[in-house]
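K.L.:
Letter by letter, the first sequence follows residues 1 to 419 of my numbering.
Be careful, since some hints might not be right.
As the list claims (entries may be wrong) - Have a look at the derived ranges for each label pair, beta carbon to beta carbon:
no., residue 1, residue 2, range
1, Ile236, Lys275, 21 to 27 angstroms
2, Asp257, Lys375, 33 to 39 angstroms
3, Lys275, Leu166, 20 to 26 angstroms
4, Trp396, Lys125, 41 to 47 angstroms
5, Ile120, Asp391, 32 to 38 angstroms
6, Pro293, Asn23, 26 to 32 angstroms
7, Arg304, Met379, 37 to 43 angstroms
8, Lys125, Gln353, 40 to 46 angstroms
9, Lys375, Ile306, 31 to 37 angstroms
10, Glu57, Ile258, 29 to 35 angstroms
11, Ile172, Gln59, 25 to 31 angstroms
12, Ser167, Ile417, 44 to 50 angstroms
None of these hints come from the bench; they were simulated from the model.
Just so it is clear, CB atoms sit at the ideal spot from N, CA and C, and this is done for glycine as well.
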Amino acid sequence: MFALIDCNNFYASCERVFRPELNHQPIVVLSNNDGCVIARSNEAKALGIPMGAPAFEYQKCFRQHQVHVFSANFALYGDMSRRVMNILEEYSPESEIYSIDEIFLNLSGMDAYNLHEYGISMREKVWKWTGIPTSIGIAHTKTLAKVANRIAKKFPDPTKNVHLILSNEQRIKALKWIDIQDIWGIGKQHAHRLKTIGIHKGYDFTQLSAEWIRKNMGVVGLRLQQELLGTPTLAIEYPKPRKNIATTRSFETLYTDIDAVKERISAFAVSCAEKLRKQHTCCLSITIFICTPQHQTHLPQYSRSIHIKLPYPTHSAIELSQFATQALLKIFKPGYAYKKAGVIVHNLINENQLQKKLFENRNEQHIPLMQAIDKINQMIGQQKVRLASQDLKQVWKMKQEKLSPRYTTRLEDIITIYC
DNA sequence: TCTGGGGTCCTAGGACCC
DNA sequence: TCTGGGGTCCTAGGACCC
1 MFALIDCNNF YASCERVFRP ELNHQPIVVL SNNDGCVIAR SNEAKALGIP
51 MGAPAFEYQK CFRQHQVHVF SANFALYGDM SRRVMNILEE YSPESEIYSI
101 DEIFLNLSGM DAYNLHEYGI SMREKVWKWT GIPTSIGIAH TKTLAKVANR
151 IAKKFPDPTK NVHLILSNEQ RIKALKWIDI QDIWGIGKQH AHRLKTIGIH
201 KGYDFTQLSA EWIRKNMGVV GLRLQQELLG TPTLAIEYPK PRKNIATTRS
251 FETLYTDIDA VKERISAFAV SCAEKLRKQH TCCLSITIFI CTPQHQTHLP
301 QYSRSIHIKL PYPTHSAIEL SQFATQALLK IFKPGYAYKK AGVIVHNLIN
351 ENQLQKKLFE NRNEQHIPLM QAIDKINQMI GQQKVRLASQ DLKQVWKMKQ
401 EKLSPRYTTR LEDIITIYC
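Construct the entire structure; sequences and hints are all you get.
P.N.:
Right under this line is the structure:
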């Protein structure tokens, strides 16, 4: 038995916790650079603002309906998420944090409990302790728990935001209700293909032949069908070290100068190196990419990436920055206006598993140096110690015009209460 | 004239998720 | 003027092995 607890409109709800006057008001949260809408309160959804809407196209709508607009405040959302998850993990010996706002709990063996009541108590505690509203789905498989969660969110009234799919009748009723594209694991492509052969609801999908699914959707599709039929094929998963780590950003303006792009690539490589050290891994290869703005079709378009194998595994910011900027020289073409770039590291291995001879070419002094840098930056603030190839004058700045305070992670931003 | 039958590893691309 | 930033897994095909 699985429960899926999902925070309602998570980013918007986080902003609301510290601004209760915004309850029942439309709220949207924008992506980095204030580019597009990545979260909406129910009121904003009701205004017809779609997910991913470009902010500039909706300025008029925002003004007209007095929508409260926020720049993404990931420091706040990450910390609020940690608080919510800490509470929910107490409700089961086995859990899986699936995303920043979702957690699966294994409820096997808890049949003695009234699971509906159990879910309501979780919801109430999270609400009371953090101010974040949640919805809860409970069923025999993770995919059905996802379906149940959707029902809980859609029909808060009878369900009290907690819905269970236990009997076969409940399962069939739920699957006859849910649209095929809303099922976890069915994306745009598969939904389109399924609709062309007359499959519109979750239930229709469970009636398809295994041969058809295997042929058109692979083993993933077969597993999904089993899940919807009530046979679990997905278990609770434990956190594993990442297999790839990326740092990519859009620029606030267009860059034509190679030095400006070089500085960004260097900074992204430093960021990847930091993330590598945090999970105690080194990378063996690196990809960098640059591209011009895809939406501005009147500009000359150019987009390229390059993948290089490193001569030895590393998590040194100095080395990764050098490899990344060397790679940039191979793909950078003058005469284009660049909008976005990124660094991705792959083939990650544990830092303790390095073979001795692999160290031959690398500078061993980087290891204590990086440790010292990490320590200083942790003590006195991120990015206080940087490479000379990074933006020392701090020219680069992300567009974040509507950033809320970091209420829970910065002493200066803690709210003041007058009594 | 006629040329087997297994494997593994790597990569790019496609699908999906939040 | 202006459109985010992360991840995962699977598959097919090519290169290589004996």
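K.L.:
State for each hint whether it applies.
P.N.:
Do the hints match the structure? See the list:
no.: 1; hint: Ile236 x Lys275: 21 to 27 angstroms; in the structure: holds, 25 angstroms
no.: 2; hint: Asp257 x Lys375: 33 to 39 angstroms; in the structure: holds, 34 angstroms
no.: 3; hint: Lys275 x Leu166: 20 to 26 angstroms; in the structure: violated, 42 angstroms
no.: 4; hint: Trp396 x Lys125: 41 to 47 angstroms; in the structure: holds, 42 angstroms
no.: 5; hint: Ile120 x Asp391: 32 to 38 angstroms; in the structure: violated, 50 angstroms
no.: 6; hint: Pro293 x Asn23: 26 to 32 angstroms; in the structure: violated, 38 angstroms
no.: 7; hint: Arg304 x Met379: 37 to 43 angstroms; in the structure: holds, 39 angstroms
no.: 8; hint: Lys125 x Gln353: 40 to 46 angstroms; in the structure: holds, 42 angstroms
no.: 9; hint: Lys375 x Ile306: 31 to 37 angstroms; in the structure: holds, 33 angstroms
no.: 10; hint: Glu57 x Ile258: 29 to 35 angstroms; in the structure: holds, 32 angstroms
no.: 11; hint: Ile172 x Gln59: 25 to 31 angstroms; in the structure: violated, 46 angstroms
no.: 12; hint: Ser167 x Ile417: 44 to 50 angstroms; in the structure: holds, 49 angstroms
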